[in-house]
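Quick mapping for you: the protein sequence lines, in order, are chains A, B and C.
Just so you know, we're using this note's numbering here: the first sequence kicks off at 1 and counts up by one.
Just so you know, we're using this note's numbering here: the second sequence kicks off at 1 and counts up by one.
Just so you know, we're using this note's numbering here: the third sequence kicks off at 1 and counts up by one.
Hints may contain errors.
[Said to hold, decoys possible] Derived DSS-like pairs: lysine-lysine, alpha-carbon spacing no greater than 25 angstroms straight-line:
hint	chain 1	residue 1	chain 2	residue 2
1	A	Lys117	C	Lys37
2	C	Lys37	C	Lys172
3	C	Lys172	B	Lys86
No lab work stands behind these hints, which were simulated from the structure alone.
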Amino acid sequence: MPSDYAYVALFAAIGVAFIIATLVFSWFIRPSDPSPEKLSTYECAEEPVGPAHVQFRVGYYVFALIFVIFDVETVFIYPWAVLLRSFARNGMGMFAFVEMVVFLGILLVGLGYAWRKGVLRWE
Amino acid sequence: MDWHTCSFYVLSVMILGSALMVVSLRNIVHCALFLAFTFMGVAGVFALLHAEFLAAVQVLIYVGAITVLILFAVMLTQKTIGISLKQTNRLAPLAVLSAVTFLCMIAVIALNTTFPTSGQHTVAVSTQTIGSAILGNGSYVVPFEVASILLLAAMVGAIVIARGQDN
Amino acid sequence: MSGDFGSVIGPVAPEIILCVLGLLLLVAGMFLPAHRKATIIFWTCLVGLGTALCSCVMVLAAIALSPEPLQMPNWLGATLRVDEFALVLKILINLATILTILISPEYIQHRLTAGRSEYFPLVVFAALGMTLLVSATDLITIYVAMELTSLVSYVLVGYMKRDPKSTEAGMKYFLVGAASSAIMLYGMSLTYGMTGATDLASIRRAIAELGSPEPMVLVGLILMVAGFGFKLAAAPFHMWAPEAYEGGPTPIVALISVGPKMAGIAVLLHVLEIGFPEIRDHWSALIAAIAAISMVLGNLTAIPQKNIKRMLAYSSIGQIGYILIGVASLPQSMNDWRTSGIIVYLLVYAFMNIGAFAVVTAVSNAGLSDDIEDYRGLAQSSPLLAVALLVFLASLAGLPPTAGLWGKALIFGAAIYSGFTWLAVVGVACSVVSVFYYFNVVRVMFFLKATTPHTFRNTHLLTAGIIIAITGTLFIGVYPEPFIAMARVGQDIVAAR
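Let the hints inform the model, and build the full structure from the sequences given.
Printed below as a string of structure tokens:
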């Protein structure tokens, strides 16, 4: 197993080194000639208006929250999917299946609720 | 020091350092980003213990989803972004004192405790182990199903609290 | 799956009914037409809770009448244990939830601007969490069920979004609750690290194998008890309670002042008696200390309170102190009369505390504030409410002929019998102190003249809730024998099956 992680560590190290090297390299070869236009924030070539930190709508938050909940759901489904075949071989397939259907059914009610409440509508 | 111990210490420094940043920086967005680093470090520790599934979950849920959620929460709150926030109040020394006392106590006890460890060095297939713990007959079926109700209640509660008028 | 359907899900029928009920109410709230919604949801909720209550009684009867221990379905594993003790508490929790639902409609009509249709399903989910907690015998189940209960409570306490106090209460409750969950989880992780098990019976075996009590086991237990203490609002973990009680919607406060306490006491008993009987001396002293601090602090801080909900909050901190005396003085063998004191006290406490909050709800429905000052002359403007509150406060103080007397008598008797005489003395002294602040409210109601007369037009439902609570309080007070006998059925929570 150590060797597998050695590859991961190697990839991570190369990734970090690449970014640092690129930045340092461009730092050395680029000319520095600042002007007010160059220093202003890039906003699709428009004149930037107001600060970048604006208040978001609460809709984003509710979306993110629903995302987290279904993310957690995925985490539970993954080992279930890995194991379902071996459960079926032991005659426990129906049990595991019903279990997951109940789990998903309960969360489906939640999705329906969010839908019905208009949380998913984006105006 | 072998690579295992070495990477453990590197990860520990990463976790503790970023966690310290989370509770001491004055820009709340930076705090949230350092929180992601903390979560990454914890995922690294899980990977080190050969709990690959848990490490993946940690990255997927905590680094991916929770950090984004926190950032959205920060962004929808007015008057917290771009200003310098003081994270401590006048009770901070007392809090530090009690935390350090607790740390010392738990450290002394932990050093004098022999944890009963299993002879098995590593759990070979963590995904299967977790899966059968959740799904297997007579294991954690009840908490698994209750977790879905918990998630549902959390979603309904958050929507009720976060949204304005009833329609 | 083996066996017929009834034996597969039978023992957990109350939980399944509550779960289905909650989902049904949620779906009903989404699709029913707006003008009919409130009525249909309310009555469905009431009928559903009644069904859950009946199913608890039926399972209890099945267990009590069957000659051999009832076979638990395989799939439950070690996560849940359905025994007489758990079922008696489940009946109480369902009863408390029904009373809460009865006193709710008018209040939410007045106070809530949003989320009226989600209110009932959320209350049902809270009840589900509590019923699961009372039979949970596995740390993970305990944690998940406790989070379900707590999460719903945070939302419901902060439900009145237009009211800054309610929002603040919900926020504080949430922050303290989240921190306490973290502490509890840390304790659970240490326990798991030391024993390698999450179910309480295996934890007990592992601790017995360790031989001499390792300090780390003790630290794990202390941290868990601290976490449970937060949920019970026992001092010194009580700081969220006054804020949450003052700011939250009153019917919800009635529920969270009773339900989580029952569930928390059940969890505490299960963890201590099934998981950690080997270190009884340690936890007995710990619980005794928490009980003493709760009683003294709760009762003394209640005296200067001007707001009746805050006063009742501190009073409930004192009450949990009395109940914890019962836990501290548990005997080696649970097959003992001393266990029944806890159950009787919880039963009595459910009636009197929900009753008191029901009267507070009625008064605030009439447009008055929660200040004790506003209760001036209540005896003239609404004799029923004043007499009801008198009964509930007398019972909370433990005066005859109310039920509170029996709860206290059994608990203090158990303490003396188990060698905790000092705790019983503290308890009696605190009860005497409590008479002072409880009867201050009575004095205001009966002997002061109202500044402006108010008319009370309460719905039949609220009146019904109050009358049920009065009946319970007085009936147990004058005729306690069957309840003590019933509680005795629930003694064998550690009976080795």
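Would you mind confirming whether the straight-line C-alpha gap from C/Lys37 to C/Lys172 stays at or under 25 angstroms?
32 angstroms, violated
Given the hint that A/Lys117 pairs with C/Lys37, test it: the Cα-Cα distance must not exceed 25 angstroms.
The given pair, whose Cα atoms are some 15 angstroms apart, holds under the 25 angstroms limit.
Given the hinted pair C/Lys172 and B/Lys86, is their Cα-Cα distance within 25 angstroms?
Answer holds: C/Lys172 to B/Lys86 is near 19 angstroms, not above 25 angstroms.
In this structure, the one hint that does not hold is number 2.
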